[in-house]
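Peer 1: The primary structure of each chain is shown beneath.
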Amino acid sequence: MYSLTGLKLKNPTILAAGVLGTTGASLQRVAQEGGAGAVVSKSIGPEPKKGHPNPSMLKLNCAFLNAMGLPNPSYQEFKGELEIAKASANVPVIASIFGGSAKEFVKVAEGLLPGKPDAFELNLSCPHAEGYGAAVGSNPCLVETITAAVKEVSKLPVWVKLTPNVSDIRTIGKAAEAGGADAVVAINTVKAMAIDIESGYPLLGNRSGGLSGPAIKPVAVKAVYDLYAALELPVIGVGGVSGWEDAVELMMAGASAVQVGSAVYDSLDVFSKISSGIEAFLDRKGYRDVKDIIGLAHEMV
Amino acid sequence: MYSLTGLKLKNPTILAAGVLGTTGASLQRVAQEGGAGAVVSKSIGPEPKKGHPNPSMLKLNCAFLNAMGLPNPSYQEFKGELEIAKASANVPVIASIFGGSAKEFVKVAEGLLPGKPDAFELNLSCPHAEGYGAAVGSNPCLVETITAAVKEVSKLPVWVKLTPNVSDIRTIGKAAEAGGADAVVAINTVKAMAIDIESGYPLLGNRSGGLSGPAIKPVAVKAVYDLYAALELPVIGVGGVSGWEDAVELMMAGASAVQVGSAVYDSLDVFSKISSGIEAFLDRKGYRDVKDIIGLAHEMV
Amino acid sequence: MRPLNVSIEKVVEESPSTRTFVFDHRFESLKPGQFVMVWVRGIDEIPMGLSSSNSITVQRVGQATSKLFELEAGASFGLRGPFGHGFTLPSSEEKVLIIAGGVGVAPLAPYAEACKARGAKVRTILGARSAQELVFKARFSKAGSLDITTDDGSEGVKGFVTTLLEKLEVSEFEKIAVCGPEPMMAAVFNTLKQKGEVSRAEFSLHRYFKCAIGVCGACCLDPYGLRVCKDGPVFTGAQLLDSEFGKYTRDASGRRVKI
Amino acid sequence: MRPLNVSIEKVVEESPSTRTFVFDHRFESLKPGQFVMVWVRGIDEIPMGLSSSNSITVQRVGQATSKLFELEAGASFGLRGPFGHGFTLPSSEEKVLIIAGGVGVAPLAPYAEACKARGAKVRTILGARSAQELVFKARFSKAGSLDITTDDGSEGVKGFVTTLLEKLEVSEFEKIAVCGPEPMMAAVFNTLKQKGEVSRAEFSLHRYFKCAIGVCGACCLDPYGLRVCKDGPVFTGAQLLDSEFGKYTRDASGRRVKI
Ligand SMILES: Cc1cc2nc3c(=O)[nH]c(=O)nc-3n(C[C@H](O)[C@H](O)[C@H](O)COP(=O)(O)OP(=O)(O)OC[C@H]3O[C@@H](n4cnc5c(N)ncnc54)[C@H](O)[C@@H]3O)c2cc1C
Ligand SMILES: Cc1cc2nc3c(=O)[nH]c(=O)nc-3n(C[C@H](O)[C@H](O)[C@H](O)COP(=O)(O)OP(=O)(O)OC[C@H]3O[C@@H](n4cnc5c(N)ncnc54)[C@H](O)[C@@H]3O)c2cc1C
Ligand SMILES: Cc1cc2nc3c(=O)[nH]c(=O)nc-3n(C[C@H](O)[C@H](O)[C@H](O)COP(=O)(O)O)c2cc1C
Ligand SMILES: Cc1cc2nc3c(=O)[nH]c(=O)nc-3n(C[C@H](O)[C@H](O)[C@H](O)COP(=O)(O)O)c2cc1C
Ligand code: FES
Ligand code: FES
Numbered sequence: 001m002y003s004l005t006g007l008k009l010k011n012p013t014i015l016a017a018g019v020l021g022t023t024g025a026s027l028q029r030v031a032q033e034g035g036a037g038a039v040v041s042k043s044i045g046p047e048p049k050k051g052h053p054n055p056s057m058l059k060l061n062c063a064f065l066n067a068m069g070l071p072n073p074s075y076q077e078f079k080g081e082l083e084i085a086k087a088s089a090n091v092p093v094i095a096s097i098f099g100g101s102a103k104e105f106v107k108v109a110e111g112l113l114p115g116k117p118d119a120f121e122l123n124l125s126c127p128h129a130e131g132y133g134a135a136v137g138s139n140p141c142l143v144e145t146i147t148a149a150v151k152e153v154s155k156l157p158v159w160v161k162l163t164p165n166v167s168d169i170r171t172i173g174k175a176a177e178a179g180g181a182d183a184v185v186a187i188n189t190v191k192a193m194a195i196d197i198e199s200g201y202p203l204l205g206n207r208s209g210g211l212s213g214p215a216i217k218p219v220a221v222k223a224v225y226d227l228y229a230a231l232e233l234p235v236i237g238v239g240g241v242s243g244w245e246d247a248v249e250l251m252m253a254g255a256s257a258v259q260v261g262s263a264v265y266d267s268l269d270v271f272s273k274i275s276s277g278i279e280a281f282l283d284r285k286g287y288r289d290v291k292d293i294i295g296l297a298h299e300m301v
Numbered sequence: 001m002y003s004l005t006g007l008k009l010k011n012p013t014i015l016a017a018g019v020l021g022t023t024g025a026s027l028q029r030v031a032q033e034g035g036a037g038a039v040v041s042k043s044i045g046p047e048p049k050k051g052h053p054n055p056s057m058l059k060l061n062c063a064f065l066n067a068m069g070l071p072n073p074s075y076q077e078f079k080g081e082l083e084i085a086k087a088s089a090n091v092p093v094i095a096s097i098f099g100g101s102a103k104e105f106v107k108v109a110e111g112l113l114p115g116k117p118d119a120f121e122l123n124l125s126c127p128h129a130e131g132y133g134a135a136v137g138s139n140p141c142l143v144e145t146i147t148a149a150v151k152e153v154s155k156l157p158v159w160v161k162l163t164p165n166v167s168d169i170r171t172i173g174k175a176a177e178a179g180g181a182d183a184v185v186a187i188n189t190v191k192a193m194a195i196d197i198e199s200g201y202p203l204l205g206n207r208s209g210g211l212s213g214p215a216i217k218p219v220a221v222k223a224v225y226d227l228y229a230a231l232e233l234p235v236i237g238v239g240g241v242s243g244w245e246d247a248v249e250l251m252m253a254g255a256s257a258v259q260v261g262s263a264v265y266d267s268l269d270v271f272s273k274i275s276s277g278i279e280a281f282l283d284r285k286g287y288r289d290v291k292d293i294i295g296l297a298h299e300m301v
Numbered sequence: 001m002r003p004l005n006v007s008i009e010k011v012v013e014e015s016p017s018t019r020t021f022v023f024d025h026r027f028e029s030l031k032p033g034q035f036v037m038v039w040v041r042g043i044d045e046i047p048m049g050l051s052s053s054n055s056i057t058v059q060r061v062g063q064a065t066s067k068l069f070e071l072e073a074g075a076s077f078g079l080r081g082p083f084g085h086g087f088t089l090p091s092s093e094e095k096v097l098i099i100a101g102g103v104g105v106a107p108l109a110p111y112a113e114a115c116k117a118r119g120a121k122v123r124t125i126l127g128a129r130s131a132q133e134l135v136f137k138a139r140f141s142k143a144g145s146l147d148i149t150t151d152d153g154s155e156g157v158k159g160f161v162t163t164l165l166e167k168l169e170v171s172e173f174e175k176i177a178v179c180g181p182e183p184m185m186a187a188v189f190n191t192l193k194q195k196g197e198v199s200r201a202e203f204s205l206h207r208y209f210k211c212a213i214g215v216c217g218a219c220c221l222d223p224y225g226l227r228v229c230k231d232g233p234v235f236t237g238a239q240l241l242d243s244e245f246g247k248y249t250r251d252a253s254g255r256r257v258k259i
Numbered sequence: 001m002r003p004l005n006v007s008i009e010k011v012v013e014e015s016p017s018t019r020t021f022v023f024d025h026r027f028e029s030l031k032p033g034q035f036v037m038v039w040v041r042g043i044d045e046i047p048m049g050l051s052s053s054n055s056i057t058v059q060r061v062g063q064a065t066s067k068l069f070e071l072e073a074g075a076s077f078g079l080r081g082p083f084g085h086g087f088t089l090p091s092s093e094e095k096v097l098i099i100a101g102g103v104g105v106a107p108l109a110p111y112a113e114a115c116k117a118r119g120a121k122v123r124t125i126l127g128a129r130s131a132q133e134l135v136f137k138a139r140f141s142k143a144g145s146l147d148i149t150t151d152d153g154s155e156g157v158k159g160f161v162t163t164l165l166e167k168l169e170v171s172e173f174e175k176i177a178v179c180g181p182e183p184m185m186a187a188v189f190n191t192l193k194q195k196g197e198v199s200r201a202e203f204s205l206h207r208y209f210k211c212a213i214g215v216c217g218a219c220c221l222d223p224y225g226l227r228v229c230k231d232g233p234v235f236t237g238a239q240l241l242d243s244e245f246g247k248y249t250r251d252a253s254g255r256r257v258k259i
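Protein chains in written order, with the numbering used here: chain A, 1 to 301; chain B, 1 to 301; chain C, 1 to 259; chain D, 1 to 259.
The following block holds chain A by itself, in its conformation from the complex:
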């Protein structure tokens, strides 16, 4: 059992927000069949949102590109999905939420409380949703205010998810810490774009979007490394994890746990595979516990 901001996880792998998190049934499946130690829902907002027009996600050579545009059925409808997930997943269920202001974040958080999420993850980092996500999350003042506002309306742990598209991610991490966050999550997708050269059209319906998958792992490692050194809070690592080696690398950079998003493309049980891979690695190297490797790179000088 791993303890993370008070939640008990059977292993340190967590489903990342926006991936297979649209329905309670899907969250349940990722936990049960996939073996995730915890699951994060799709980001939920104040109003139903269809998201950007298709194409909304593509596999590129070393990465995935997406601009879903935060499609979600609103907190009113999602509350029920949360209940389903809670009833059947048997692992902590974290509600990812978004809004354009502290008021909206609070409205969504309060609206979802009856669904009994185990924690909130604040999406202050989506790179392609005007007025939401990174648009808000690049501003340290807003990050602090929003974090504090959500902390105020419930006793649940609050994780703040950060964008790498800033000059120095530590500034934003510190704002989250000042706002009372229980953990930071790094990183959301990296601003990116691809163009179809046969037609000249941008490949995404939204023209540009966010990069995820293997290509961004080195960016995530750097962000986690910097945040670990700068903050007191636990850092949850996400970005390009598809095997146990990636998870170990992020942990050595300072991640207390890792989230996995795009790699569900390879297989749903990527979570089981990663967590048993981590265990085997700890055994082989004679570490007693994941704690021995969290932040290890900071000591190797």
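What the hints contain is simulated information worked out from the structure, not anything from laboratory work. Remember, predicted model here, so these are calculated numbers, not experimental data. Incorrect hints may have been included.
Claimed, not checked - Straight-line C-alpha distance at most 20 angstroms; calculated SDA-like pairs for lysine to any residue: (1) B:86 / D:224; (2) A:103 / A:140; (3) A:285 / B:198; (4) D:67 / A:300; (5) B:59 / D:224; (6) B:59 / A:245; (7) B:285 / C:75; (8) B:79 / D:257; (9) B:285 / C:72; (10) A:285 / B:196; (11) A:79 / C:256; (12) A:59 / C:4; (13) A:285 / D:5; (14) A:79 / C:72; (15) B:50 / D:207.
Claimed, not checked - Covered stretches of chain C (chain A as the covering partner; in silico rule of three or more C-beta atoms under 8 angstroms from a C-beta of chain A): (16) 1-8; (17) 36-47; (18) 73-84; (19) 193-204; (20) 243-254.
Don't be surprised by glycine CBs; every beta carbon is placed ideally from N, CA and C.
Assemble chains B, C and D with the ligands onto chain A, guided by the hints.
Peer 2: Chains B, C and D with the ligands alone, transformed into the frame defined by chain A:
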């Protein structure tokens, strides 16, 4: 012949700064044997610099990671290499320069003038050199001041090379424009890191560095696209170009020409291959000129 | 995978509302029932079953399909795929029952042909609103025997595919493959259930697709979270028992919508 | 390519200043003359020729090599490679002349063995400062005939490798392979040039390496810009004619430094 900020290029591919640009002989070889339309030197500074300890560059799965640390023999010594390159390359030779302040930039630029570079490229974007590069280049005021200062001391075209590690690269591009730049170059490497899980040591001597190669192409496409829309200046695209398709994609995003760095790993004549690939593409699609495809994606709605 | 750029070689008007677009790329490894994502540039990207290794057969319903209907030979669009699992192919000598409704013929016509090529015996029940909406009659009859139903009785038996199905001895078919509008498939499902034959029947489902590669979660079915794009679109009746199938679907925002 | 983590199986003291580190990974495809980048964690990463498919032979000169000398069996370091082009292998029956100076023996010992294994006739001139600095005598004599020179005359002929080379009928050798300190290689180069035999001789060069994969440009030779790490480290005499070889090299900053 392509014309770019007044320089005549036999094709729109340019050797990127810091790659095979330490000696005049090497610049000559990339032009002659590699087929580059122009070459940019290693970034040259006010004092000799050994750079960071090794490992200073690694090939990762979809990318390259480096932290060279701006090794250079100083402008005094490099002037001679520039003369060698100018004498034998038969293509425009651009001197990349760096400094910690406008004064230093000016000193280096003036010091290199006797070597007769065809243009200056200002490195305001290296992500892993304390006090230089992105440390300066994330600040719009400094970017404007430095650009203006270098413009003042010579009539040569000045290209300003930008870092993607900012919230909005357009702000920096506009500062360069305000300072009188003749073109912007985007992007330099993306802040990144990798850790050796067997030992826990960061893989680079400098611990962290910059990502280049295929992984960052979608980041470069987005930066070029945004800059093209925001600026009047030509944008020179760089980041992850290794084939003609990549070059065409960056051009459709808005690049007037492309630079190629890491892909010299595959072969030196990547420049010839890319430029003939572009020609064949233009022919097949019935475009008269590269101009037909520069910025094309902006029109496809 | 970046979308392939394909050019239209031929447009075939199959019915007033349905056209086949034959394009210049062959998906040689196509398993009938697999789909592609059709990128109508500037508009949308939508799922379509492959009606042969180099064609899609499209019913005009809204913006993207209407835009497709404006395209003529020589025009091009983007294609990603093929994706998903197809219908299970029979071994030679097996008997196959195909039940197709409306544009559900698209993945079933190549399936019928593949069954025949393997030496299986194919019987098709083809239903449509009216005679003029019947698509691929010739392909199905070439592949085996064909029964037709139309809602208005303008051709074949008046009624629904279930009108015929109810009377059929289904147990003699080793394979049963179904595709059509969900209410029609739900009716077939119930009929087969009553006959105790639903578990091994296969149904090709439609849900709202975004990523089409099993990542985003837009197309998940209750209560097991099966992804229509990746775990399907073809599911066995056993997988659909006690599921949302026939009851509700979800719109692009993830809200439930009654079938 | 991320560095491989290798463990030291054995440390062999070859001379007071030279040790061989045998490690637990075999580069089966090694072409003698190829090198690896040895990552002495926390210190530096430095190039080393492979002295066999699973060893490096290191002369202690500065910080990284001294750190290596502190390591014992069981300790580990990182390895990237093998990189670069090796010496050209002879066909059977060919005659090979090997000229090795100091730690230049490292890539030449496996070359001698590979030559012998192919049936070639190997003759080695091995030079060192003194008897105790002679490395791999046994390996070279097992592979063919061996002549020794020492600066102080403590073993073999007193003098330099060129002392012997000058008297040799070099034209009878189809292959000539040279590795050692640059002043020694330059002397060999000049001797061979006088004999009109330098073009086909092969020399393994040392330059300051950073990337080791042909990208950064740190190791380029004047006047053609050949990269020692990628186009070399083994070059023919023809490639080195009228070059910087023997005249100057460059330090880590790229400044020229006299040889
Ligand atoms: C696996 C699969 C195979 C299909 N095969 C065929 C086929 O072979 N021939 C055919 O004509 N139709 C097929 N469809 C249905 C087809 O995708 C829709 O008719 C089409 O998307 C309508 O797009 P539109 O823009 O014209 O309509 P819109 O006005 O955008 O929407 C009309 C309706 O079409 C459906 N739809 C729209 N976008 C999507 C989407 N991204 N994913 C799923 N459904 C959507 C929704 O039900 C929507 O309410 C298939 C659907 C799926 C899931
Ligand atoms: C292709 C090649 C093969 C080599 N093979 C062997 C071998 O088999 N055995 C052996 O003992 N030595 C070999 N060397 C030389 C070896 O790399 C240096 O002795 C070693 O780097 C010294 O490191 P240091 O930290 O101990 O010394 P330092 O104090 O750092 O430097 C001493 C000198 O070593 C050289 N050096 C240091 N770093 C590098 C570097 N990154 N690249 C190149 N030279 C460097 C420089 O000339 C420097 O002045 C080889 C070099 C090259 C280029
Ligand atoms: C299809 C898709 C949808 C996503 N939606 C969200 C979201 O709603 N909220 C959020 O915070 N992050 C979202 N993300 C970002 C992921 O949670 C994650 O931060 C990112 O993909 C990097 O991790 P990965 O490389 O493992 O995918 C989404 C990513 C993908 C690929
Ligand atoms: C080894 C190496 C050294 C570099 N040195 C410099 C430099 O000195 N100045 C600079 O402006 N950019 C430097 N760069 C960045 C490149 O010029 C280029 O912007 C970046 O690598 C992205 O292009 P690529 O993907 O084609 O390599 C360097 C890149 C590499 C890989
Ligand atoms: S459409 Fe994304 S998971 Fe099926
Ligand atoms: S060491 Fe970088 S090119 Fe040779």
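Peer 1: Run every hint past the structure and note whether it holds.
Peer 2: Comparing the hints with the structure gives:
1. Annotation: proposed proximity of residue 86 of chain B to residue 224 of chain D holds, straight-line Cα distance about 14 angstroms (limit 20 angstroms).
2. A hinted pair counts as satisfied when its Cα atoms are at most 20 angstroms apart, and residue 103 of chain A with residue 140 of chain A qualifies at roughly 17 angstroms.
3. Among the hinted pairs, residue 285 of chain A with residue 198 of chain B is consistent with the structure: their alpha-carbon atoms are about 8 angstroms apart, no more than 20 angstroms.
4. Between residue 67 of chain D and residue 300 of chain A, the direct Cα distance comes to roughly 16 angstroms. Compliance with the 20 angstroms bound is thereby established for this hinted pair.
5. With a CA separation close to 25 angstroms, the supplied pair residue 59 of chain B and residue 224 of chain D exceeds the 20 angstroms bound.
6. With a C-alpha separation of about 17 angstroms, the suggested pairing of residue 59 of chain B with residue 245 of chain A holds against the 20 angstroms cut-off.
7. Under the criterion of a C-alpha separation no larger than 20 angstroms, the hint pairing residue 285 of chain B with residue 75 of chain C is consistent with the structure, at around 14 angstroms.
8. Under the criterion of a C-alpha separation no larger than 20 angstroms, the hint pairing residue 79 of chain B with residue 257 of chain D is consistent with the structure, at around 16 angstroms.
9. The hinted pair formed by residue 285 of chain B and residue 72 of chain C meets the criterion: a straight-line CA distance of about 19 angstroms does not exceed 20 angstroms.
10. Between the alpha carbons of residue 285 of chain A and residue 196 of chain B the distance comes to roughly 14 angstroms, so the proposed pair stays at or under 20 angstroms and holds.
11. Proposed proximity of residue 79 of chain A and residue 256 of chain C is supported: the alpha carbons are some 13 angstroms apart, at most 20 angstroms.
12. Between residue 59 of chain A and residue 4 of chain C the alpha-carbon distance is near 13 angstroms, which keeps this suggested pair within the 20 angstroms criterion.
13. Straight-line distance between C-alpha atoms of residue 285 of chain A and residue 5 of chain D comes to about 13 angstroms, which keeps the hinted pair within the 20 angstroms bound.
14. At most 20 angstroms may separate the alpha-carbon atoms for a hinted pair to count; residue 79 of chain A and residue 72 of chain C exceed this at roughly 47 angstroms.
15. Between the alpha carbons of residue 50 of chain B and residue 207 of chain D the distance comes to roughly 14 angstroms, so the proposed pair stays at or under 20 angstroms and holds.
16. Remark: the region 1-8 of chain C is confirmed as covered by chain A, as 4 of its residues place a Cβ nearer than 8 angstroms to a Cβ of that chain, reaching the required three.
17. Counting residues of the region 36-47 of chain C whose beta-carbon sits less than 8 angstroms from any beta-carbon of chain A gives 8, enough to reach three: the coverage restraint holds.
18. Counting residues of the region 73-84 of chain C whose CB lies closer than 8 angstroms to any CB of chain A gives 3, which reaches the minimum of 3, so the coverage claim holds.
19. Note: the region 193-204 of chain C has 0 residues with beta-carbon separation from chain A under 8 angstroms; the three-residue rule is not met and the coverage is violated.
20. For the region 243-254 of chain C, the assignment as covered by chain A holds, since 5 residues bring a beta-carbon within under 8 angstroms of that chain's beta-carbons and 3 suffice.
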